[in-house]
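J.: As a plain string of letters, each chain reads:
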Amino acid sequence: MIQTIAFYLFATLVIASAALTIVARNPVHSVLWLILSFFNAAGLMVLVGAEFIAMLLVIVYVGAVAVLFLFVVMMLDIDFAELRAGYAQYLPFGVLLVLVLSAEMIFAVSAWSAGGIALSASVAPVPEGVPNIEALGTLIYTRYLFIFEGAGLVLLVAMIGAIVLTHRTRSGTRPQNVSQQVKRRPQDAVRKIDQPVGQGMDL
Amino acid sequence: MASVAAGYLPILLFLGVALALSTAFVLLPMLVSKATGSSNPYADKLAEYECGFPAFEDSRAQFDVRFYLVAILFIIFDLEAAFLYPWAVSLGAIGFGGWLAMMIFLAELTLGFVYAWKKGALEWE
Amino acid sequence: MSNTASLLLTLPELILSVGSLALLMVAAFVGDSATRAVTWASAALLGVAALAALFPANGGGLAFDGLYHADAFSAFAKLLIYIAAAVSVVVAPRFFERAAPLRAEYPILILLSSIGMGMMVSAGDMLTLYVGLELQSLAAYVLASFMRRDSRSAEAGLKYFVLGALASGILLYGISLVYGFTGTTLFSGVARAFGDGLSTGELFGLVFVMAGLAFKISAVPFHMWTPDVYEGAPTPVTAFFASAPKVAAMALLVRVAVEAMGPASSAWQQIVIFSALASTILGGVAAIGQTNIKRLLAYSSINNVGFALFGLVAGTAEGVAAVMTYMAVYVAMTLGSFLCVLQMRNAAGEPIETIESLSGLSRTRPALAAAFAMFMFSLAGIPPLFGFWPKFLVFDAVVGVGLWPLAMVGIATSVIGAFYYLKIVKTMYFDEPAPAYAPVTSYTEGTLIAVSALFVSPLGYLAIPALGAASLAAARSLF
Chain A
27 MIQTIAFYLF
37 ATLVIASAAL
47 TIVARNPVHS
57 VLWLILSFFN
67 AAGLMVLVGA
77 EFIAMLLVIV
87 YVGAVAVLFL
97 FVVMMLDIDF
107 AELRAGYAQY
117 LPFGVLLVLV
127 LSAEMIFAVS
137 AWSAGGIALS
147 ASVAPVPEGV
157 PNIEALGTLI
167 YTRYLFIFEG
177 AGLVLLVAMI
187 GAIVLTHRTR
197 SGTRPQNVSQ
207 QVKRRPQDAV
217 RKIDQPVGQG
227 MDL
Chain B
-11 MASVAAGYLP
-1 ILLFLGVALA
9 LSTAFVLLPM
19 LVSKATGSSN
29 PYADKLAEYE
39 CGFPAFEDSR
49 AQFDVRFYLV
59 AILFIIFDLE
69 AAFLYPWAVS
79 LGAIGFGGWL
89 AMMIFLAELT
99 LGFVYAWKKG
109 ALEWE
Chain C
6 MSNTASLLLT
16 LPELILSVGS
26 LALLMVAAFV
36 GDSATRAVTW
46 ASAALLGVAA
56 LAALFPANGG
66 GLAFDGLYHA
76 DAFSAFAKLL
86 IYIAAAVSVV
96 VAPRFFERAA
106 PLRAEYPILI
116 LLSSIGMGMM
126 VSAGDMLTLY
136 VGLELQSLAA
146 YVLASFMRRD
156 SRSAEAGLKY
166 FVLGALASGI
176 LLYGISLVYG
186 FTGTTLFSGV
196 ARAFGDGLST
206 GELFGLVFVM
216 AGLAFKISAV
226 PFHMWTPDVY
236 EGAPTPVTAF
246 FASAPKVAAM
256 ALLVRVAVEA
266 MGPASSAWQQ
276 IVIFSALAST
286 ILGGVAAIGQ
296 TNIKRLLAYS
306 SINNVGFALF
316 GLVAGTAEGV
326 AAVMTYMAVY
336 VAMTLGSFLC
346 VLQMRNAAGE
356 PIETIESLSG
366 LSRTRPALAA
376 AFAMFMFSLA
386 GIPPLFGFWP
396 KFLVFDAVVG
406 VGLWPLAMVG
416 IATSVIGAFY
426 YLKIVKTMYF
436 DEPAPAYAPV
446 TSYTEGTLIA
456 VSALFVSPLG
466 YLAIPALGAA
476 SLAAARSLF
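Residue numbers (my numbering), protein chains in the order written: chain A, 27 to 229; chain B, -11 to 113; chain C, 6 to 484.
Computed list of lysine-lysine pairs in PhoX-like fashion (alpha-carbon distance at most 25 angstroms, straight line):
(1) K209/A x K106/B
(2) K33/B x K22/B
(3) K107/B x K209/A
These aren't lab readings, by the way, just hints derived from the structure by calculation.
Using the sequences provided together with the hints, build the complete structure.
T.: So, in structure tokens, the structure goes:
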């Protein structure tokens, strides 16, 4: 009972906030609605028992991806009022897209009702009585080891790519050089002199 | 898998109560002020508060592209951390091979980290 | 099979991963002054990886419970991929040097991309396919906008990224449908499920997977990104895009079609026939009006992909062998053409890309003009040159399964394509000379042009026995 209520609550909120993501006038608000929608999707994932996916949604999508979206929105210097001026002009195209998308949804629903999902035939059946995060763990690092390491390389490429494309060495900056600081001894920097009275300073 | 969801009932209830209470705290004073007629908004009252000065410029200043690099690096290491959870939970079952798999994965990203560090991608100024 | 034995089978990827990580450290600690050393070390690594691919441990087989295949097919494709990648690595430093010294990340990204391509052609599971494809594409997006100060390069990278991500999404949606309806991502398991009759859901999965892969080989109707990306990307990167990832995606498409979706061949055959015909026609017609040589070569690659797809239409071992032969000759022709484009620079050393500037090249640079003309004739498939042979094999395979009307139409479209190749030859040989290009300073490029020109010349026919046997062995390993 309570699960049914929770499902409808989350599902409604996902759809409502996704719709608001699109119609919000301010792109920053769009991102915030998107975050709400991710949150509720995480709730749905918990309801079907996929705790790990739910956690990933919160940590990765809400915690990182949405923040990145926010940065990107703030980075672009776009006059959004001007962009919206073309709304009527692009309306036919938008309607066309809506038609295509709804046709696809009808297709998907008919495809879904056309054949049963034969999960029982899967090569890695879901073990009973094991939390799914543990079941995932036993597969990712053994059977799917090769793909897991490949995923590591994908992340590495993302890192190299971001640095190659956006990093530049700025002239005139004075970064902290820790080893230089540690290497510096008092005798290099401090001089003790017995200053005679009445004579000038020797700098 | 219904049992999994049932385990999260307390947190759902907690969130529900929190949501209801916080909504009440925000909405009740607004309703009361509207109902009693003490609500009196005017332009100066609604302006953003900026140390007592009138607002200098639009609050939507353009961000430096360097924020993006930091955000991307954050996402990458965030994902790396996400892979650690199932590994930690199942380490007993997957044995030495699984442990080694994660060490290789971490080594790949640690080398990437060393690269980012040496290139100065983590330095601000 | 234990993980150690499996790892030995994946030796080419292993060599490239360890090598690229080591070179990344060189790039980090030494900086861009090490680029030349990193470049040659990368080429050497690709050579070693090619050897490892040709001679897999224990004669090859399945690794990681069927996730990875080390067979004759993957060995053939990897050899082509690594050669093409190595060529795009060694020609790069001279192209980039006029603005600033080439950064050491360029060869490293190509190496990482090659790992992804190796995973693609060896994939035995939808997950290997997807991760390999992403690794390859992600590195490619960065390479496309490698000259970040050049607005065209940045635009190419952005377009490639947005459309590529969309295609990956489509592919992933298809994979999830296939998984949902068959209960497995293993190619062998998918084939078994498809063998029991194709449900509507499985059919939709198949269509989406084919659409995603068609984008990656830039077959019509998923070709629209190609001219823009090829034109905007730096020329060595374009040479890379037109060769190695194309071979990888084509080999992947063949493997998925035959190994995973073989029992549903009547379903994908229609899609492939449409794509093949549309690609050859559109690639031929749209190229006619082009004035930029890189755009023209982009349409030429669309056209050639169409011809290679005809081999897949047949769906037989001979057809697949014809596809692989086609890709081998195509790599030589396309790399040769782009190497010639690399020579197109004015007296100040600035690269020029207009077809007009080729006017009268036969008088200013006779050897370059002769080589370029050979590549053009070969791409057009005109008989004495080697480019004719794979076209013949492809249509022979199509006729072999009784689809001779299709073969007739295909041959007719190759006549349209011949027109614009011949137009370039005419510009070079019969027009008034344009200002001469800067003289060649690189022996590497000269040698590479000479080698590929020799391969596409009638002398290439000497390679037929070896190439035929290798491609047939490769094709047999899929059936």
